[in-house]
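Asker: Residue numbers (our numbering), protein chains in the order written: chain G, 12 to 379; chain Z, 12 to 379.
Treat the hints as calculated values from the structure; they're not laboratory data.
Quick caveat, the model's predicted, so the values are computed rather than measured.
Mixed in with the good hints, there may be bad ones.
[Stated by the list, open to error] As a list, the in silico BS3-like pairs of lysine-lysine whose alpha-carbon atoms are at most 27 Å apart:
{"hint": "1", "chain 1": "G", "residue 1": "LYS33", "chain 2": "Z", "residue 2": "LYS138"}
{"hint": "2", "chain 1": "Z", "residue 1": "LYS15", "chain 2": "G", "residue 2": "LYS41"}
{"hint": "3", "chain 1": "Z", "residue 1": "LYS308", "chain 2": "G", "residue 2": "LYS308"}
{"hint": "4", "chain 1": "Z", "residue 1": "LYS15", "chain 2": "G", "residue 2": "LYS53"}
{"hint": "5", "chain 1": "Z", "residue 1": "LYS98", "chain 2": "G", "residue 2": "LYS15"}
{"hint": "6", "chain 1": "G", "residue 1": "LYS138", "chain 2": "Z", "residue 2": "LYS37"}
{"hint": "7", "chain 1": "G", "residue 1": "LYS138", "chain 2": "Z", "residue 2": "LYS98"}
{"hint": "8", "chain 1": "Z", "residue 1": "LYS15", "chain 2": "G", "residue 2": "LYS354"}
One-letter residues, chain by chain:
Protein chains: 2
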Amino acid sequence: MNFKFFIGTKVLFGENCVTENKNEFKKFGKRAFVVTGKNSGKLSGALDDVAGVLENLGIDYYIFDRVENNPSLENVNEAGREARTFKADFIIGIGGGSPLDASKAVSVLAVNHIEPKELYSNVFINKPLPIIAIPTTAGTGSEVTPYSILTRRDLNTKMSFGNEDTFPQIAFEDARYTYDLPSNVTIDTAVDAFCHAMEGYLSRRSTPASDVLAQEAITIFGQCINPLINGQLDPYVREKLMYMAMLGGMVISHTGTTIIHGMGYSLTYFKDLPHGRANGLFIKEYLKFNYREASGKIDRMLELLGIAGIDEFGELLEKMLNYNCTFTEDELKQYASLTMKQKSTTYNIRTAAKQDLFEIMIKSLKAQ
Amino acid sequence: MNFKFFIGTKVLFGENCVTENKNEFKKFGKRAFVVTGKNSGKLSGALDDVAGVLENLGIDYYIFDRVENNPSLENVNEAGREARTFKADFIIGIGGGSPLDASKAVSVLAVNHIEPKELYSNVFINKPLPIIAIPTTAGTGSEVTPYSILTRRDLNTKMSFGNEDTFPQIAFEDARYTYDLPSNVTIDTAVDAFCHAMEGYLSRRSTPASDVLAQEAITIFGQCINPLINGQLDPYVREKLMYMAMLGGMVISHTGTTIIHGMGYSLTYFKDLPHGRANGLFIKEYLKFNYREASGKIDRMLELLGIAGIDEFGELLEKMLNYNCTFTEDELKQYASLTMKQKSTTYNIRTAAKQDLFEIMIKSLKAQ
């Protein structure tokens, strides 16, 4: 056994956790810079809760609500500049993966006058501002990871940075904020969270402790498959999904992701497929590809899911996920090349060559 | 679901973790105050490893090696005074539970001129110094908890303090430091770690996330029962025990302990029974007492342990644990009274009155 275990985030999980733990906001200063998207913070009710608490505590705040979907370096740079001008003491990220990931970049850029590309050095002269993260989807797990995944227009893909100082200090996890999410978004994000647990479990970097968290997340996903397919998204299921997403985030904080995420980035970048859906399309072929190296763990995973085999799992996923874009073989070759450049590809349990990735994609996507 | 999850400690686990991660020491300053006992740091080799690293990095250090077994307020006060005089930047605790717990008190007292009794207020004007914790037993889990359990001579018992700032920043967990521990110490400490997992699992404060960690620890203990009884303490078993102890610490960081620890404190205080052994003597009757309220969880625990029932578990524990002191009924009544004063008693899954505690003790200890 040889491992590191660290989760730099304190999680406060449960209904009304923001208002019930409002004193947590006081520790970080008097000026809060809120990072969110156009809609999610408002529609979920999270922004209202936060604004109420900040006003009650006499904390000044500024709302930056222009985080893009899959935020670019240019987008976070703009937010970072505004946070600097505002002289923020701390950052509050509210939303799905995009605003939460953006908030980490903002926390660095607010106190470091660097080009946004330099984020990828992961070495910052001034310590990033403290971050409070409030997810409004149950998927990304970004609220408990140090990772910030940003779109690199210069490299035609998404790429992540993060170090121990970019863990949010606090995550408030209230499943109420996800109650109104439509079924397709709920599925996409749930599948993303499941991929975090699965890819972490089957990563070369998996550890005894990350496996414990991964197995719990996998078990919970198994309990949610039918509700997700049938749209039975009651508060009880919503809460389970949020718990699973948190666990998935804790897993990848230790293991990172592997080839599924790498391939998925291309589908999101070039075809605008939602991140979780893009990942989910590859699960069946990914498991078949890896079975040779990890049959024991994959069998255990299926057992925890309550599913008889990989093909049955594939059928269930097909019921959840659909897409209506087409791919040429040349496109998939390009995606395979890009995936080979992701460091996470090297952590896949079975070594994957470019041709392997191409074959996984062609089997998964029925290219024309 | 409504829970908090926070482990303020980064764990570096594995052979040679101190030397292989020596840069971690650099972050905390140039003056290290080492808190350890008379023997454990030296005999385990941990102190040598640490001294080597500090010298290599040019960090000045001072070794306080006078931590008592079950350290008193007076003892930590003396160490705190010396740390202040030394102008320590950070504290390194090396040893079993006693030095690690003492190091937390020292980290507070080094920067706060308070009476040691005021530690129990858990509010400190100056933030405690950072702590690096290096266990040389696999039991306490103190390396990943904020708790410091100190002997209160004024109250005839042991009592704990701690807040989020007294989590060690880093725990180095190298099972090599436990290789030479005698069998009885290994058993005592392992049983203590198991009690952390079990009491946390059966606590009113248990959470979904703490249960995941507890179940893993319980599973590992099940794998170690025969090796512990037979003295087959090879490096592989030592590593498992250390991993279990870490998990147990993470569990009680969320749940605290319950009546076993409360009763055990008296046996240690008045009869000098080792802490883990004192706890272990109560396990069988504790489970019988709680079965009415927690049959599902207790059955699950026995299943994870690979044991058919409570009585069989009691027999196995009897093979591990022995003691040769006697108790009068009056003594046990006094212990029951003292246990009722421990806050942890209120977290027991089945409400325990003084008479209940007395009966658990009399059945467990065959009083004369």
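Asker: Each hint: holds or not?
Answerer: So, going through the hints one by one against the coordinates:
1. G:LYS33 / Z:LYS138: Holds, because 21 Å separates the two Cα atoms, which is no more than 27 Å.
2. Z:LYS15 / G:LYS41: Satisfied, since the Cα-Cα distance of roughly 25 Å is no more than 27 Å.
3. Z:LYS308 / G:LYS308: 26 Å, holds
4. Z:LYS15 / G:LYS53: Distance ~25 Å between LYS15 of chain Z and LYS53 of chain G Cα, so the pair holds.
5. Z:LYS98 / G:LYS15: Violated: LYS98 of chain Z and LYS15 of chain G sit about 30 Å apart, past 27 Å.
6. G:LYS138 / Z:LYS37: 16 Å, holds
7. G:LYS138 / Z:LYS98: This hinted pair holds, its Cα atoms lying about 25 Å apart.
8. Z:LYS15 / G:LYS354: Not OK: LYS15 of chain Z and LYS354 of chain G at ~33 Å, beyond 27 Å, violated.
Of the hints listed earlier, those the structure fails to meet are numbers 5, 8, in rising order.
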